[in-house]
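> Got chain A sorted already, so can you dock chain B onto it with the hints?
Protein chains in written order, with this note's numbering: chain A, 1 to 658; chain B, 659 to 901.
Simulated from the structure, these hints should not be mistaken for lab results. Cβ atoms here follow ideal geometry from the backbone N, Cα and C, with glycine treated the same way. Hints may contain errors.
With a straight-line cut-off of 20 angstroms between C-alpha atoms, the simulated SDA-like cross-links for lysine to any residue are [said to hold, decoys possible]:
hint, chain 1, residue 1, chain 2, residue 2
1, B, K707, A, L621
2, B, K718, A, T626
3, B, K751, A, Y570
4, A, K625, B, V835
5, B, K794, A, A326
Between beta-carbon pairs, the in silico distance windows are [said to hold, decoys possible]:
hint, chain 1, residue 1, chain 2, residue 2, range
6, A, Y570, B, R838, 31 to 41 angstroms
7, A, G251, B, R838, 29 to 39 angstroms
8, A, P226, B, Q720, 41 to 51 angstroms
9, A, P271, B, F743, 24 to 34 angstroms
10, A, K623, B, D719, 49 to 59 angstroms
11, B, T766, A, A294, 14 to 24 angstroms
12, A, W173, B, D719, 30 to 40 angstroms
13, B, T697, A, W411, 21 to 31 angstroms
14, B, E836, A, Y570, 56 to 66 angstroms
15, B, T766, A, A18, 55 to 65 angstroms
Listed here are the chains, written in short residue letters.
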Amino acid sequence: MSSETPAGAGNTPNRPPAYRESTVAAIVFGLVVGAVMNASITYAGLKIGFTIGGSAIAAVLGFGVLRGLLRRGTILETNIGQTVASAVNIPNSGIIFTVPVLLLLDPVQYALRADGRLFWLLTIACVAGAVLGCAFIIPVRKQMIDIDRLRFPTGTAVAAILKSPGAGVAKAWVLLAGVLTAMLIYLPVALPDIKLGANASPGGQQQRVSLWGYGDLNWRLPAPRPAQQNNPADRKRFEEEWKRVDRDRDGKPDLVLTQQTIDIGRLLHFPDQIQFIFAIAPFALGAGYVTGRAGLLVLAGGVLAFFVLNPFVFAMGWTPEHVPAAGVPDYAFAAFNRPLGIGMLLGGALMGMLASLPSIKEALKSLAATRGQHARQKTELGLKVLLAAAAIAIAGLFVASDLLVGTGGGWLAGLNPHLRSLIVALVGAAWIWFGGVIIAQCTGMTDWSPISGMALLTVVLVMLLIGTQEVAGAVLIGAAMCVAISCAADMMQDLKTGYIVGAQPKRQQTVELLTTGLGPLVTMATILLIVASNMESTGRPIGPGTATVAPQAQALQAVITGVQGGDVPYALYGCGAVLGVLLGIGSFAGLGVLVGLSMYLPIIYVLTYGVGCLINMGVTLIKGKTWAEEWGVPFCAGLIVGEAVLSLVINALVLCVN
Amino acid sequence: MKTLGQLVLWGSLAGGVLSAATAYLAPLSAPDEKLLGLTLAAPAGRIEKPDAAPLPIARKDQQISAELLSELRSAGVRNVRVKQFGIGRWRGKWFFLLSLVGLAVGGTLVRFSNMSGRPRQGEKTSADSPEHLLQKIQSTVEHLRSTVADMSQPGAGMEQIRHEITQLQQTHMAAFVEARPVLVARLGLAGYARLMDSYAAAERQINRAWSAAADNAHEEAAACLDEASALLQERGSEASSGR
Chain A
1 MSSETPAGAG NTPNRPPAYR ESTVAAIVFG LVVGAVMNAS ITYAGLKIGF
51 TIGGSAIAAV LGFGVLRGLL RRGTILETNI GQTVASAVNI PNSGIIFTVP
101 VLLLLDPVQY ALRADGRLFW LLTIACVAGA VLGCAFIIPV RKQMIDIDRL
151 RFPTGTAVAA ILKSPGAGVA KAWVLLAGVL TAMLIYLPVA LPDIKLGANA
201 SPGGQQQRVS LWGYGDLNWR LPAPRPAQQN NPADRKRFEE EWKRVDRDRD
251 GKPDLVLTQQ TIDIGRLLHF PDQIQFIFAI APFALGAGYV TGRAGLLVLA
301 GGVLAFFVLN PFVFAMGWTP EHVPAAGVPD YAFAAFNRPL GIGMLLGGAL
351 MGMLASLPSI KEALKSLAAT RGQHARQKTE LGLKVLLAAA AIAIAGLFVA
401 SDLLVGTGGG WLAGLNPHLR SLIVALVGAA WIWFGGVIIA QCTGMTDWSP
451 ISGMALLTVV LVMLLIGTQE VAGAVLIGAA MCVAISCAAD MMQDLKTGYI
501 VGAQPKRQQT VELLTTGLGP LVTMATILLI VASNMESTGR PIGPGTATVA
551 PQAQALQAVI TGVQGGDVPY ALYGCGAVLG VLLGIGSFAG LGVLVGLSMY
601 LPIIYVLTYG VGCLINMGVT LIKGKTWAEE WGVPFCAGLI VGEAVLSLVI
651 NALVLCVN
Chain B
659 MKTLGQLVLW GSLAGGVLSA ATAYLAPLSA PDEKLLGLTL AAPAGRIEKP
709 DAAPLPIARK DQQISAELLS ELRSAGVRNV RVKQFGIGRW RGKWFFLLSL
759 VGLAVGGTLV RFSNMSGRPR QGEKTSADSP EHLLQKIQST VEHLRSTVAD
809 MSQPGAGMEQ IRHEITQLQQ THMAAFVEAR PVLVARLGLA GYARLMDSYA
859 AAERQINRAW SAAADNAHEE AAACLDEASA LLQERGSEAS SGR
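Isolated chain A, as found in the complex:
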């Protein structure tokens, strides 16, 4: 990669050579920022259970470093910097969801050591996943971005940041106002995550001191009117009402405003079985606004699940008798909503893919047509390069699974072990392709990516193939899958950003493909350090009893033990898939993806997201579409970025405090 590659080497080879795009400074910046973000977010993710993408933060930092310190960065150079940084950062979200589950299940059998085989095989699989995710998604760029025009809210937001210096002072202020608003709103949500563990109580127990959060406002439900002591009916009324307002039985009415949510439903006296709670999430609000009217379909799915299905199921007595009305949303979410949602997602994605076949075909033809062109005339990475990258990655996946998967049962029992591993690697790769396309579609339409759902299905699929006792093999492919789909979604967001600022796709694709493999190395090395440190201090590698409780991996652990216990609702997945396919007959083929996604997501985020969509529609109605885009999108981009930046700062603080 030359430091001064000719700018705009698009369709004519005689371009002026001065415009900086893919430079050494941008790539080094991206590598350093990406690695630092990756390590800090890995630690914080294992501790508090969520991760963040790095594009927006890297875009902001890029201006500081490339334009501020080096005083020569261009918009497109900063874009390359953020592309590399997010490519190196993003694999952590797939790894911390999957790899630690082995340590939770059996810390001795699955011990992670730098000189151990398991560690390196998992690392190879994750690197292979990262490369596959990028290589598989590049060919659909034209279809999703150029032809179908998917919105990719985060990609759009990052583009707004990159364009802010040239878009005029007023828009830069609007963007900044969005960032500050998000930080102000989100600060009390994030602060309690920094638990100060300094004071030792007299009993020798470490006491955790939470910093100030919304819960400290002490906004509670109104207490029931006191009962007249000599009136039994009134006393009964009082007891009933008290039960309703004090679900946690702490003797006080429950909080309306908790650390992360606001419970409007209980304030408005909605029935207990209807959850009408909004997450305090500026990101979701911003993403909803950027998506606009189309996002209402997401809201519709959530309303269907939480306002129709769950209360109906409760009314019909289809929930276990010991589950109170207030427990119905959580019970139904796990028992029906999520499985049906995942199935609908799959069916909707399949239908969307079938309907898009003509566009996919044209996009591939267009890619293939560049074969004879001069290297400088090509705007996309060629199919040969992508196929070679995919072949190397699949070979890596095969080697890793061949060395890890035993001779257990499953559908492939009795086959030659190498053949089994080959089938696992090929099926895994095919599933990664399908999953990558689904996730890219989801993020393109809504900004949400149902990674955990896909991981769940991957683990189920691999355990069916090689036997339910082959946990390491299932986690290996699951980790590759999660990394791949995270990278695929991130790459499409970056390519959308690139499209809006006029970057050349080939350059972004090249740097992303070349650098994304570093991400798993950084994450796995960080996990190794954390495990060593935890073993030293607590005698446990990870999970409960350590500072890094790995909440996401605990969720996957529950799934694995569920699969081993025969607790997989295949029929619900199937029903959901059929519904998803048939939904695609209507307005547009991907409708099942949107509805499925909203059944799969917790309603608290769907509702906040829906508010964003409604605000967009209201603003469009009052001020017109142009105004809503011109001023609303930069502000909402600021909301998305502000939450991400603050999350990173909080992550860094978590790292420092601990």
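This is chain B only, laid out in the frame that chain A set:
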């Protein structure tokens, strides 16, 4: 027809989801032999405790035995959730099938009403027809090219380029993208994909010209506008070729 189609579609979806929720529900009114040996997927029954939360009679993963069955029945439990799926036991199966038919009918109605609306849109030759929008985009790009060519000092008109491209993006380019239904009706999905493939290449060059102008890269902005112009001319006739 579209409203009716949407009603049928969403109503059937609600019906489908509701009936699917009964897939793993085993009614305790079923004969014993159909229930014995099944494994509970969720706790069942309820034992009231005076000062504590109620407890279930049977825990998750417990197998249904004759004793448990009778205990659950005598406690008034009507359904239990089990791990095994049985098509014969699924009480909502017919309703689910009906919902599938409803989804297909509703979806077809919506699709037909969308398709019948398209030719009317396609027949329009108003100022916002796709080919007119393309011409507008092209003429703005030509205007910008001549502005750049006439510039006495490189970099002097960069703000004008940014301003005009911003206007173009918000008006004609946004409107062209929204003309998708008209273009799909005219060209078919494959033809639309071909058109948008090359239009997107031109749009990307225009976007790049904006970025270059913002970075005061005069030559790059000019080169991008030249390329955009060439791409637009090349494909300009394609939008109306399906007529």
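> Indicate, hint by hint, whether the structure satisfies it.
Okay, the hints, checked on the actual structure:
1. With a C-alpha separation of about 55 angstroms, the suggested pair K707 (chain B) and L621 (chain A) falls outside the 20 angstroms cut-off, and the hint is violated.
2. This hinted pair does not check out: K718 (chain B) and T626 (chain A) have alpha carbons roughly 56 angstroms apart, beyond 20 angstroms.
3. The suggested pairing of K751 (chain B) with Y570 (chain A) holds, with an alpha-carbon distance near 15 angstroms, which does not exceed 20 angstroms.
4. For the hint pairing K625 (chain A) with V835 (chain B), the CA-to-CA distance comes to about 14 angstroms; that is within 20 angstroms, so the pair holds.
5. Between K794 (chain B) and A326 (chain A) the CA atoms are separated by roughly 58 angstroms; this puts the pair beyond 20 angstroms, and the hint is violated.
6. Y570 (chain A) and R838 (chain B) have their C-beta atoms about 38 angstroms apart, which keeps the hinted 31 to 41 angstroms range intact.
7. Take G251 (chain A) and R838 (chain B): their Cβ atoms lie about 59 angstroms apart, and the range 29 to 39 angstroms is violated.
8. For the hinted restraint 41 to 51 angstroms between P226 (chain A) and Q720 (chain B), the CB-CB distance of approximately 44 angstroms keeps it satisfied.
9. Taken as a hint, the range 24 to 34 angstroms holds for the pair P271 (chain A) and F743 (chain B), whose Cβ atoms sit roughly 30 angstroms apart.
10. One distance hint, 49 to 59 angstroms for the beta-carbon pair K623 (chain A) and D719 (chain B), holds here, with the actual separation near 57 angstroms.
11. Distance hint for T766 (chain B) and A294 (chain A): a CB-CB separation of about 22 angstroms, consistent with the stated range 14 to 24 angstroms.
12. Separation of W173 (chain A) from D719 (chain B) is about 59 angstroms and departs from the stated range, judged on CB atoms against 30 to 40 angstroms.
13. Taking 21 to 31 angstroms as the suggested C-beta distance range, the pair T697 (chain B) and W411 (chain A) conforms, at roughly 22 angstroms.
14. In this structure the hint that E836 (chain B) and Y570 (chain A) lie 56 to 66 angstroms apart at CB is violated, the actual value being about 42 angstroms.
15. Distance hint check: the CB atoms of T766 (chain B) and A18 (chain A) are about 57 angstroms apart, consistent with the given range 55 to 65 angstroms.
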